[in-house]
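Asks: Given chain S, work out where chain W should sit, using these hints.
2 protein chains.
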Amino acid sequence: MARIVQKYGGTSVGDVDRIKNVANRIKAFRDEGNELVVVVSARSGVTNELIARAKSIHPNPSEREMDQLLAIGEQETIALTAMALQAIGVDAVSYTGAQAGIFTDKVHTKAKIKTIDAKPLEKDLKAGKVIIVAGFQGINDEGHITTLGRGGSDLTAIALAAAVSADKCEIYTDVDGVYTADPRVVKTAKKLNEISYDEMLELASSGSKVMQSRSVEFAKKYNVVFEVRSSFNQNPGTIVKEEVAYMEKVVVRGVAVDKDQAKIIISGVADKPGTSAAVFRALADANILVDMIVQNVGRHGVANLTFTVPQTDTHKAAKALEPALASIGGGQVAVHEHIAKLSVVGVGMKTHSGVAATLFEALAHAGINIELISTSEIKISIVIDQDRADEAARLAHKAFGLENI
Amino acid sequence: MARIVQKYGGTSVGDVDRIKNVANRIKAFRDEGNELVVVVSARSGVTNELIARAKSIHPNPSEREMDQLLAIGEQETIALTAMALQAIGVDAVSYTGAQAGIFTDKVHTKAKIKTIDAKPLEKDLKAGKVIIVAGFQGINDEGHITTLGRGGSDLTAIALAAAVSADKCEIYTDVDGVYTADPRVVKTAKKLNEISYDEMLELASSGSKVMQSRSVEFAKKYNVVFEVRSSFNQNPGTIVKEEVAYMEKVVVRGVAVDKDQAKIIISGVADKPGTSAAVFRALADANILVDMIVQNVGRHGVANLTFTVPQTDTHKAAKALEPALASIGGGQVAVHEHIAKLSVVGVGMKTHSGVAATLFEALAHAGINIELISTSEIKISIVIDQDRADEAARLAHKAFGLENI
Numbered sequence: 001m002a003r004i005v006q007k008y009g010g011t012s013v014g015d016v017d018r019i020k021n022v023a024n025r026i027k028a029f030r031d032e033g034n035e036l037v038v039v040v041s042a043r044s045g046v047t048n049e050l051i052a053r054a055k056s057i058h059p060n061p062s063e064r065e066m067d068q069l070l071a072i073g074e075q076e077t078i079a080l081t082a083m084a085l086q087a088i089g090v091d092a093v094s095y096t097g098a099q100a101g102i103f104t105d106k107v108h109t110k111a112k113i114k115t116i117d118a119k120p121l122e123k124d125l126k127a128g129k130v131i132i133v134a135g136f137q138g139i140n141d142e143g144h145i146t147t148l149g150r151g152g153s154d155l156t157a158i159a160l161a162a163a164v165s166a167d168k169c170e171i172y173t174d175v176d177g178v179y180t181a182d183p184r185v186v187k188t189a190k191k192l193n194e195i196s197y198d199e200m201l202e203l204a205s206s207g208s209k210v211m212q213s214r215s216v217e218f219a220k221k222y223n224v225v226f227e228v229r230s231s232f233n234q235n236p237g238t239i240v241k242e243e244v245a246y247m248e249k250v251v252v253r254g255v256a257v258d259k260d261q262a263k264i265i266i267s268g269v270a271d272k273p274g275t276s277a278a279v280f281r282a283l284a285d286a287n288i289l290v291d292m293i294v295q296n297v298g299r300h301g302v303a304n305l306t307f308t309v310p311q312t313d314t315h316k317a318a319k320a321l322e323p324a325l326a327s328i329g330g331g332q333v334a335v336h337e338h339i340a341k342l343s344v345v346g347v348g349m350k351t352h353s354g355v356a357a358t359l360f361e362a363l364a365h366a367g368i369n370i371e372l373i374s375t376s377e378i379k380i381s382i383v384i385d386q387d388r389a390d391e392a393a394r395l396a397h398k399a400f401g402l403e404n405i
Numbered sequence: 406m407a408r409i410v411q412k413y414g415g416t417s418v419g420d421v422d423r424i425k426n427v428a429n430r431i432k433a434f435r436d437e438g439n440e441l442v443v444v445v446s447a448r449s450g451v452t453n454e455l456i457a458r459a460k461s462i463h464p465n466p467s468e469r470e471m472d473q474l475l476a477i478g479e480q481e482t483i484a485l486t487a488m489a490l491q492a493i494g495v496d497a498v499s500y501t502g503a504q505a506g507i508f509t510d511k512v513h514t515k516a517k518i519k520t521i522d523a524k525p526l527e528k529d530l531k532a533g534k535v536i537i538v539a540g541f542q543g544i545n546d547e548g549h550i551t552t553l554g555r556g557g558s559d560l561t562a563i564a565l566a567a568a569v570s571a572d573k574c575e576i577y578t579d580v581d582g583v584y585t586a587d588p589r590v591v592k593t594a595k596k597l598n599e600i601s602y603d604e605m606l607e608l609a610s611s612g613s614k615v616m617q618s619r620s621v622e623f624a625k626k627y628n629v630v631f632e633v634r635s636s637f638n639q640n641p642g643t644i645v646k647e648e649v650a651y652m653e654k655v656v657v658r659g660v661a662v663d664k665d666q667a668k669i670i671i672s673g674v675a676d677k678p679g680t681s682a683a684v685f686r687a688l689a690d691a692n693i694l695v696d697m698i699v700q701n702v703g704r705h706g707v708a709n710l711t712f713t714v715p716q717t718d719t720h721k722a723a724k725a726l727e728p729a730l731a732s733i734g735g736g737q738v739a740v741h742e743h744i745a746k747l748s749v750v751g752v753g754m755k756t757h758s759g760v761a762a763t764l765f766e767a768l769a770h771a772g773i774n775i776e777l778i779s780t781s782e783i784k785i786s787i788v789i790d791q792d793r794a795d796e797a798a799r800l801a802h803k804a805f806g807l808e809n810i
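Here the protein sequences come in this chain order: S and W.
1 is the number of the first residue of the first sequence in this note's numbering; add one for each residue after it.
406 is the number of the first residue of the second sequence in this note's numbering; add one for each residue after it.
Pulled out of the complex, with its shape left as it was, chain S reads as follows (with noise of 0.2 Å):
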C-alpha cells in the first residue's frame, strides 16, 4: 500500500467519457489498496472559453475577478470525477482548491503556494476515500479565490505530494514522458527513464513544454520525486528527481527547439557604461522576459547588443525601445523572427569537455550557421534559421548518440 498522489490534464478530463476513463484508472490504484490524493485539471478547452467571455466584457478585466471566474473549470472536473467514481463504487470526495487548504499569495492570476494545510484531506484519506483536488488554484489570507498560472494543477500536485508526504507522485499528461527530443521531429528519440531536476529545468526554459519551469523548482525544492506518463496507456514514464552520480555519465540527455522567440539585434550603439542598463531596463519595465543576450564591441567604440524575447513580444520591444535608445544617444533596432533556439542539456556535461566542439561540428558539415551562442553549466542553446531547425536537432540527437540513450 503506498500513497500516491496523481494529475490528470485538461485532456484526460476533457469529456465526460474521458473523464469515466480517469476514473476507471483511480480504481485500479484504489483496488491495489493504494491511498489515492487526486488533482484534476479544467476540462481542455474549459479556461480559454471563459477568459474569451470575460474579454467580451471587459478588455482588461480584474485580475481578482478573472481568478474567481477561472476557478470554475476545476470545480466542474472536480465534482464530475467524483461522480464518476461514485458510480463505480468507489467512496470519492471532492475539494476545491480553499477546501483543500491551498493557502497562496495575494497575488491573482499567478500566485505562489504559501503553505497547505492537510487535516481535513487527512481526515478523509483515513476514512478511506479518494480525494479529488481542484488543481490551478488555492485561496489566499483574506478568503480571496486566486490561480496559479499556466501548469498550476502539477504545482498543485506537486505541493500536494510534499504536504501529505506522499511516496508517489504521477503527472498524468497526454505523452508518455520526457523524451531525449521531440518524436515528431526526430524519429529515433527515446523516452528518458529517469531525469534530474536541473535537467528538466532546462529542457523546460529550452522550448520543451512537458512542464513548467515552477513545478519542477517546487519539486526540486521540497525534494518531490514525480513521474511524468501518460493517462491513454500503461506505459512507465520519466521519473524526475535530484541528480545522482550515475547520471552523469551521460553527457547530453535531450535536445529542444524552441521557435517561438524571436532576435532582435541593435546595432550602433556606444560602448559606454549604462548602454546595457538603459536597453534590458526599458524591456524589463514593459514586462518582456529576455532569454539569451550576446554583445559583442565592433570598432570605433560603437557596440552591437543582441538578444531573444518571446515572438508575441517582439512589437512591444521595439517600442519599448524606442525612449531608451534615445536617451542613449541612437541605436539601430533589427527583429529577425524567423529564428529558432536549439538546445542541448545534460548534466554530464559539468564533467565532459568537447560538447559545445561536437554540436558545432555536426551543425556545421550541414551548413547550419549559428547565429548566436549562450551556455549554462549543463546546457548550450544556439540560435540558427528557423527552417533548418529540425534537421539541426536530428543532427545533433545523432551526435550525442541520444537514440541509443
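Rather than coming from a laboratory, the hints here were simulated on the basis of the structure.
Certain hints may be false.
[Claimed, not checked] DSSO-like, lysine-lysine: derived pairs with alpha carbons at most 27 Å apart:
{"no.": "1", "chain 1": "W", "residue 1": "Lys425", "chain 2": "W", "residue 2": "Lys573"}
{"no.": "2", "chain 1": "S", "residue 1": "Lys114", "chain 2": "W", "residue 2": "Lys524"}
{"no.": "3", "chain 1": "S", "residue 1": "Lys123", "chain 2": "W", "residue 2": "Lys515"}
{"no.": "4", "chain 1": "W", "residue 1": "Lys534", "chain 2": "S", "residue 2": "Lys110"}
{"no.": "5", "chain 1": "S", "residue 1": "Lys129", "chain 2": "W", "residue 2": "Lys515"}
{"no.": "6", "chain 1": "W", "residue 1": "Lys519", "chain 2": "S", "residue 2": "Lys119"}
{"no.": "7", "chain 1": "S", "residue 1": "Lys106", "chain 2": "W", "residue 2": "Lys531"}
{"no.": "8", "chain 1": "S", "residue 1": "Lys114", "chain 2": "W", "residue 2": "Lys528"}
{"no.": "9", "chain 1": "W", "residue 1": "Lys524", "chain 2": "S", "residue 2": "Lys106"}
{"no.": "10", "chain 1": "W", "residue 1": "Lys592", "chain 2": "W", "residue 2": "Lys664"}
{"no.": "11", "chain 1": "S", "residue 1": "Lys55", "chain 2": "W", "residue 2": "Lys432"}
{"no.": "12", "chain 1": "W", "residue 1": "Lys460", "chain 2": "S", "residue 2": "Lys129"}
{"no.": "13", "chain 1": "W", "residue 1": "Lys534", "chain 2": "S", "residue 2": "Lys55"}
{"no.": "14", "chain 1": "S", "residue 1": "Lys129", "chain 2": "W", "residue 2": "Lys511"}
{"no.": "15", "chain 1": "S", "residue 1": "Lys123", "chain 2": "W", "residue 2": "Lys511"}
{"no.": "16", "chain 1": "S", "residue 1": "Lys106", "chain 2": "W", "residue 2": "Lys534"}
{"no.": "17", "chain 1": "S", "residue 1": "Lys110", "chain 2": "W", "residue 2": "Lys528"}
Replies: Using the frame of chain S, we list chain W on its own:
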C-alpha cells in the same frame, strides 16, 4: 441615500449582453448614491446543463458533489457581472456564498440558511464598493458548499437584506410584479401595488410562479419588505409586506390556477379510526406532497377519500398506496390527471362573508362543475376540469371585480 439589496434572476443575466444591461441598471442606482448588494443567479439554462452532465455520469449523483458542481453557475455570473461594472467605471467585487458568510445547515441541494456573517461584506460596502453575491449557495460548518434549492437566489437576497439591514430589497425578474391573475390567461389582470406576505404565500402555493413560498416565509419571519419588479423595464413592481388594516378592504386580491396537480380518489375504505392515517403515512413515507384532502362518509360505514398530489407523483402514489390499502382491508384507487386547481386569495376574506358563494355562483352559471373544495382563512381552492380552468379564472376574476382593483 439608501442601502439596497437587489436580485437578478437567470434570464436577466442570461448572456453577455444582458449582463452588461444589468450592470448599467446597477450603475444608475449607484450614481444616485445608494449602497448596493446585488445577488445574481446562474445564466438561465446553465444549471440544467450541469445537471444533465452529472446525470450522464451518475444516474443519482451524491448531493454533496451536485452542490459542488451547481455552485459554479452563480460563481460565473458574479465574476462576469463584477467585470461588467468595472468596465463602466463602477468599483465592484464579487462574493461566492461562502465568501459572503452565508452559513447553512448540512442538507445538501435544499439547505436552510442558519446565519449570515456580513462583516466582510460590510467592510467593502463602507469602502464604496458594489457587492455582487452568488445566489442559491452557501457553506456549512464543515466547509462543504451547499445549495438552497429552487428559488434559492430570492432567499439569498431576502436573507442578505435582513443581515445588512437594507432599506430596500428588490427582486428583479422577467415579470412586472404580482398580478391579480396570469395576464396570459386573463387579459384584464391588473398588477398589484402591494400584497401581504400571507396572500403571496397562498398565491405561491396555488400555482402562481412568481416566487417560491420559502423566500416569502423567510421575509415574513424577518419582516423584510421586498419589491418584485422587472429587469427589462423601469416600471414599479409589487411590494410584498406585512398585512396592514386597509388591505382587508379588498376581499380577493388574486386568482391562481395550478394545472400540475392530479386527483386521487380512494373509494370503499372502511370508515374507522386509522384509515386516513394509514393512507397518508404511506404517501408521506414515499415523499409525496399531498395538497387538498376531502373525506366523505358514504353509507354502511364505507368512506371515500379524495386528495390531490403533484402530477409527476401520481404513479409513485398509486404504488405506495397498494400495501397501505391491503393493510386496512382493501379499497379502490382512481386517478384523475386532467384536473386543475383554481384558488382565490385575499386577506379580506377574514372579515367578509359570501366569498365562496360568489365564486361558486359564477362557475355554476357557466356550467362548470366543482369536484373538490378546500378553504383556508384567506383562500378558497377548488378542483375543476382542466379544459375549463382558464375560463373559470376569467369568470372568478370578473366576479370579484379584480379588473378594477
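Asks: Against this structure, judge whether each hint is valid.
Replies: Hints, one by one, checked against the model:
1. W:Lys425 / W:Lys573: holds, 23 Å
2. S:Lys114 / W:Lys524: holds, 26 Å
3. S:Lys123 / W:Lys515: Holds, at roughly 26 Å.
4. W:Lys534 / S:Lys110: Holds: lysine 534 of chain W and lysine 110 of chain S sit about 25 Å apart, inside 27 Å.
5. S:Lys129 / W:Lys515: holds, 25 Å
6. W:Lys519 / S:Lys119: holds, 26 Å
7. S:Lys106 / W:Lys531: Judged against 27 Å, a Cα distance of about 22 Å means the pair holds.
8. S:Lys114 / W:Lys528: holds, 26 Å
9. W:Lys524 / S:Lys106: Roughly 20 Å separates the two Cα atoms, so the pair holds.
10. W:Lys592 / W:Lys664: holds, 19 Å
11. S:Lys55 / W:Lys432: Roughly 20 Å separates the two Cα atoms, so the pair holds.
12. W:Lys460 / S:Lys129: holds, 22 Å
13. W:Lys534 / S:Lys55: Status holds; Cα separation ~22 Å.
14. S:Lys129 / W:Lys511: holds, 19 Å
15. S:Lys123 / W:Lys511: holds, 18 Å
16. S:Lys106 / W:Lys534: holds, 19 Å
17. S:Lys110 / W:Lys528: holds, 26 Å
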